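Visitor: Order-wise, the sequence lines are chains A and B. Note that this note's numbering has the first sequence beginning at 1, numbered continuously upward. Note that this note's numbering has the second sequence beginning at 1, numbered continuously upward.
There could be a bad hint or two in this list.
[As the list claims (entries may be wrong)] Here are the simulated lysine to any residue pairs, SDA-like style, with alpha carbons at most 25 angstroms apart:
id, chain 1, residue 1, chain 2, residue 2
1, B, K265, B, A286
2, A, K265, B, A76
3, A, K265, B, A254
Calculated directly from the structure, the hints in this document are not laboratory data. Since the structure is predicted, the reported quantities are computational estimates derived from the model, not experimental observations.
Number of protein chains: 2
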Amino acid sequence: MRRLKSIAVVGVGLIGGSFALAMRRAGAVARIVGADRDTQALERAAALGVIDTAAGSPAEAASGADLVFVAVPVRAIGAVLHDVARGLGPDAVVTDAGSTKADVVRTAVEELRDRMPSFVPGHPIAGREASGVEAAVPELFRGARVVLTPEPTTLPEATALVRACWEACGARVTAMPAPAHDRVFAAVSHLPHLLAFALVSEIASRADATEMFGFAAGGFRDFTRIAASSPEMWRDVALANREAVLAELDRYAARVAVFRELVEKGDGPGLQRLMTEARNARRAWAGGKRSTSDE
Amino acid sequence: MRRLKSIAVVGVGLIGGSFALAMRRAGAVARIVGADRDTQALERAAALGVIDTAAGSPAEAASGADLVFVAVPVRAIGAVLHDVARGLGPDAVVTDAGSTKADVVRTAVEELRDRMPSFVPGHPIAGREASGVEAAVPELFRGARVVLTPEPTTLPEATALVRACWEACGARVTAMPAPAHDRVFAAVSHLPHLLAFALVSEIASRADATEMFGFAAGGFRDFTRIAASSPEMWRDVALANREAVLAELDRYAARVAVFRELVEKGDGPGLQRLMTEARNARRAWAGGKRSTSDE
């Protein structure tokens, strides 16, 4: 890819900061301007050398940037895009890192208006336990998948630029329509988070919750790890991707009902068949690694 | 505890082998006799020094043993106890390692008959990814919980002996009635396993399963790890603990329905409240360790 003169990173947390570090390490950009409504985070990003310059607003950061990367919580994207649009140069491209895409597209249409063709919705599938700019590392996206969901009206050269940037960061980029993205992630991400929250919530509501948790072991620990995630973020994701999440909840409830019926009827062969299919699929997906918890 | 002259370990897999190694390391036993219907596993156990002597049957192993530890799959416990009873000395104690307890008690009543007071049902909450005697290690039970479910008719000195052995292995021992054990583990172990199998089974059944799995990340990996467990074992556990598992499935389905309604109504505060309670409970349980997956 051509070396960019300047990029703006709005939201200098784990994702925004890691993108800045990865782009810099790849030699893909000369200058990085940051913006964040958390001014202390912004100062730390500058002090850590994650960004070169701290801007006072998204509009100021966007001004003069070849690419604007919006890495804020989904609920804040609208306001940020509104402000970004005010500073955006005529050839600049905008992308984001939101976990849901159809709602971001709807918001972007409203806020970016005639600049919508320069917006490439994106979702990097990456994270780590720590958050904040201090946790940012240039390797975060190495080997990670990034989904872009360009609209029919999106400029092909805008999509190409965003793809090239993510590839410079080491990511594997896939493009698909926003509704397809939201369906896939409702199934493999949003649903499991809701289910884990639901299980812990159910047990925590009991009078003997402490005793229950006291006997929980590794299997429970793995299954419920994602229930330690941010309630704000997953609330927003569930509501932003409501239709797909509801559809996945219903598919899942139907499958659980099948398992329930097999248990109730004492149908060992039926239960074993479904469990074996699941075990094989899980093992194939996890690269053949064995991973049991026979407790 | 007094040093035992001889123990019999029937089923020299991960659990039986680790118990033998731990007892030996603790200096709690002079001689360990093993039995296993898998004669190759039995030979390996002897070659590895996990057992001193290989017996030809559970009855032969039990003959002369102060303690008989039955560490075979739950579905095989009946036949093993039947045979153990034939060789059992008058002062010998028997215990097991099955994941469900009420059904083991029912089986033991049938098979041990007048020797039932010498049987102490047990469940060590331990495991690791590898299985088989080669994976056995003396530290497996260090800090692990062991639940004993003595019956009202169980000899107190039998329970005391089994407790002392587990404590010699480094375990933390709790006693409770078998039905209470089965309810607790239906909630914190059997249910999560069924739920994980159900999720993977549902996604694996789709035409686009490969694409779906292709976008799954760390949260999905954690949530579904237990779906890579043994289908035979978890089929048996679900059926052996059927009533409690069905009750837990229904409680869980009701809680998922609450989450579904909050999503459908777009009730952000309600969703956040339940998620926050779950997050806090999960974090408190996991010792305050943060563990997110904001992908």
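Visitor: Tell me if the straight-line CA distance from K265/A to A76/B falls inside 25 angstroms.
Guide: Distance ~21 angstroms between K265/A and A76/B Cα, so the pair holds.
Visitor: Keeping to a limit of 25 angstroms between CA atoms, is the pair of K265/B and A286/B held or broken?
Guide: Answer violated: K265/B to A286/B is near 32 angstroms, above 25 angstroms.
Visitor: K265/A and A254/B: Cα distance at most 25 angstroms?
Guide: Holds, at about 21 angstroms.
Of the numbered hints stated above, the single one contradicted by the structure is hint 1.
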